[in-house]
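Engineer: Construct all of the structure, not just a fragment, from the sequences and the given hints.
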Amino acid sequence: MWRDPRARSYLLQGLFAAAILAVIAFIAWNTAANLARYNIRVGFQFLDRPAGFDILQRLIPYSEASTYGRAFLVAILNTVVLSAVGIVFATVLGFLIGLARLSSNWLVSRLAAVYIETLRNIPLLLQIFFWYFAILRPLPGPRQSLALPGDIFLNNRGLYLPAPVFEPGSGFVAIALIAAIAAAMAIYAWANRRQAATGQRPAAGRMALGLLIGLPFLAAVATGGPMSWDRPTLAGFNFQGGVVVIPEFVAMAVALSTYSAAFIAEVVRGGVLSVQQGQIEAARAIGLRPISIYRLVVIPQALRAIVPPLTSQYLNLTKNSSLAAAIAYPDLMHVFAGTALNQTGQPFEVMALTMGVYLGISLAISWLMNWYNRRVALRERTP
Amino acid sequence: MTASGSQWASERKPPPSPRGAVAWLRANLFSSPLNIALTVLSLWFLAMVVPPLVDWAILDAAWRGTRIEDCPNREAACWVFIGARWPTLIYGSYPAPERWRIDLVFALGALGVTWLMLPRTPAKGRIGLAMLTLYPLLTFGLLLGGWFGLRRVPTAEWGGLMLTLVAAVWAIATSIPLGLLLALGRRSPRPVIRYFCITFIEFWRGVPLIAVLFLAIVMFPLFVPPGLEFDKLLRALVAFSIFNSAYMAEVFRGGLQAVPVGQYEAARALGLGYSRMMAFVVLPQAVRVALPALVNTCIGIFKETTLILIIGLFDFLAVIQAGMADPAWLAGEHIRTSGYVFAALGFWIFCYGMLRYSRFLEKRL
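Residue numbers (the working numbering), protein chains in the order written: chain L, 1 to 383; chain F, 1001 to 1365.
If you're looking for bench data, these hints aren't it; they were derived computationally from the structure.
In this text, a Cβ means the ideal position worked out from N, Cα and C, and glycines have one as well.
Please note that the accuracy of each hint is not assured.
[Claimed, not checked] Each pair of labels, with its calculated beta carbon distance range:
#	chain 1	residue 1	chain 2	residue 2	range
1	F	Leu1034	L	Val92	19 to 29 Å
2	L	Arg37	F	Arg1126	44 to 54 Å
3	L	Pro168	F	Ile1198	49 to 59 Å
4	L	Val42	F	Thr1114	49 to 59 Å
5	F	Leu1046	L	Gly278	33 to 43 Å
6	L	Trp106	F	Glu1229	51 to 61 Å
7	L	Ala183	F	Leu1034	25 to 35 Å
8	F	Leu1365	L	Ala182	47 to 57 Å
9	F	Leu1234	L	Leu177	51 to 61 Å
10	F	Pro1051	L	Arg194	53 to 63 Å
11	F	Gly1146	L	Ile40	31 to 41 Å
12	F	Gly1271	L	Ala32	48 to 58 Å
Structural biologist: Printed below as a string of structure tokens:
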């Protein structure tokens, strides 16, 4: 039997499975014994009990009387909003720096290289501490705030931004904007058909732009400007009005986006360099203008190489947002695996929920990436 | 015009030389209006940033002294702080008479790494193997003590740069072989092994390291028989090994995928078995392809070791932060900024060094 490769393979796998099951059984048995010893009851009932602690930043109504389940939701939203803001800023900054790195201007390219090599070789946690403890915390109080352009104020209590106020009638502006987007898409489709039929391309871009700006503007004028800004103003010892972004969020967002931008810049550079020079020469040879060369030839091919590593950078950024626990930004890790775990004494349920959320986000993003990859993958010629 | 054709030719200016400083400037900085604008903007940026930075870090900084009173200028760096805390930064709270052990470990490590990095040194394979196996064992034996008359130093007293290096070397030395095994298992034709490896890799890659460290601290005591206690540092190191081996597995998978099938078939045709085929034909080629990603992962591991401060261990960053919280140094943000900048410089030197070495290797291979 030992000489039969199939039987040997089954035996090997059977032994391997038995070994893993034995380890799992050993852990399960120990855990059961420990739980009995410490008198811990397992179950998710605690999610309905009042949490009794406050959370510094909440996007949905929450108070000390709210349940652990509610706290869980608030914490997830805090993680999501931090990751989303980080991803947006990191992408913009990363593309700018990546393109600067590719610039034919020696000085610009070197400056971008210095940025990349500095930021990505310093631990993220250190950068978070630097922004939080060395920059934001020592800022003066509200009375001596740093005034930034656009009625934005920065002080040791956070970042004060003007908040948009939607008055009745703003619905019409939104409807006009949606209509303009639909019309612009229709114009592009029509322009493509015209070009295919006659070889002449109508100036679709200019028409679409005019619609996108003009329609909402007309709607706003017709309804009498239904939107205004609620500006933060100093009243007594603190600001009134506007939105407040807590300093922990500012430190995390700045650190996450500047750090990830260094990696994204390298991804962008690699993607653009991966487009063969022959493609650009061929595009020039058939008479495309420089803008069209980029729009129709370089970018579609570069995106194919950029998107997969870019997604994994987004994934890293989301996982790195858990470092927020180190400066007590109330994210999932801090609120749930920190405060809630200590208060409830239910490590299993709390850790399972926390890790489940991160795992779910990771799997969802990698599923999306695979879907996109299949869509844009090079379609090989089939004989 | 027609009469002086030859003269006309000689009057024409020669084309601009493609060499020389002026030509270089023209090609790289002033080739178009946009480029000129970018150059001016960059120069303005440098003029705004570099002089204040030099003033802060060097010219106005306090270099000599022992106390916070020696740093009166709050608008400049206070390197006195670093000097005063220097032994703690390197050794943590390791007892002073025993610090020669750390020096010995550092010296051996530096010797081994230099030997491996220099081109054309003999017995690289054997030295490399010793660095990955014997050296970590020797390090733990020496640092922990408790044998041969060496005093036992509990890991709670470890700290500083030494702890950062111990964690990084351990994580790298364990995650490479584990990751290789996982990568091979992921390509195994046997479904039980393959699916186990896929689940293992994807699970650990899907959760943040800090959650894994929490798991090691909070949950691990529940997993072992009652009464058995494990050292906090050991638990963190096990977490590092498991977590990073999943990332290493993906690095090796990328390298293995790049080896053409023909290489496997040729090795089989020569009559090599699985282990010899892997050791002599496939892996040498796979490692060459995977090298840049391997070094990047090592740099990532090195940076991640800072996370152990969240679970209460005193690594390089943590001892600097502890110094800032010392009442004798509490007054002033310039102490804090100087501390963080110095820590950043320390980490940067190690990470950038690894990066440069990998680029040098890529060119040589």
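Engineer: Indicate, hint by hint, whether the structure satisfies it.
Structural biologist: Now for the hints, and whether the structure bears them out:
1. Roughly 20 Å separates the CB atoms of Leu1034 (chain F) and Val92 (chain L), a value that falls within the hinted 19 to 29 Å.
2. In this structure the hint that Arg37 (chain L) and Arg1126 (chain F) lie 44 to 54 Å apart at CB holds, the actual value being about 49 Å.
3. Distance hint for Pro168 (chain L) and Ile1198 (chain F): a CB-CB separation of about 55 Å, consistent with the stated range 49 to 59 Å.
4. Roughly 54 Å separates the CB atoms of Val42 (chain L) and Thr1114 (chain F), a value that falls within the hinted 49 to 59 Å.
5. For the pair Leu1046 (chain F) and Gly278 (chain L), the supplied restraint of 33 to 43 Å holds, since their beta-carbon distance comes to about 37 Å.
6. At roughly 60 Å, the beta carbons of Trp106 (chain L) and Glu1229 (chain F) sit within the given window of 51 to 61 Å.
7. At about 34 Å, the beta-carbon gap between Ala183 (chain L) and Leu1034 (chain F) stays in the expected band of 25 to 35 Å.
8. The hinted range of 47 to 57 Å is satisfied by Leu1365 (chain F) and Ala182 (chain L), whose Cβ atoms lie roughly 56 Å apart.
9. Roughly 59 Å separates the CB atoms of Leu1234 (chain F) and Leu177 (chain L), a value that falls within the hinted 51 to 61 Å.
10. Our hint of 53 to 63 Å for Pro1051 (chain F) and Arg194 (chain L) holds, since their Cβ atoms are close to 58 Å apart.
11. Checked against the hint of 31 to 41 Å, the C-beta distance between Gly1146 (chain F) and Ile40 (chain L) comes to roughly 35 Å, which is consistent with it.
12. Between Gly1271 (chain F) and Ala32 (chain L) the beta carbon distance is about 52 Å. The supplied range of 48 to 58 Å therefore holds.
Every hint from the earlier list agrees with this structure, and none is contradicted.
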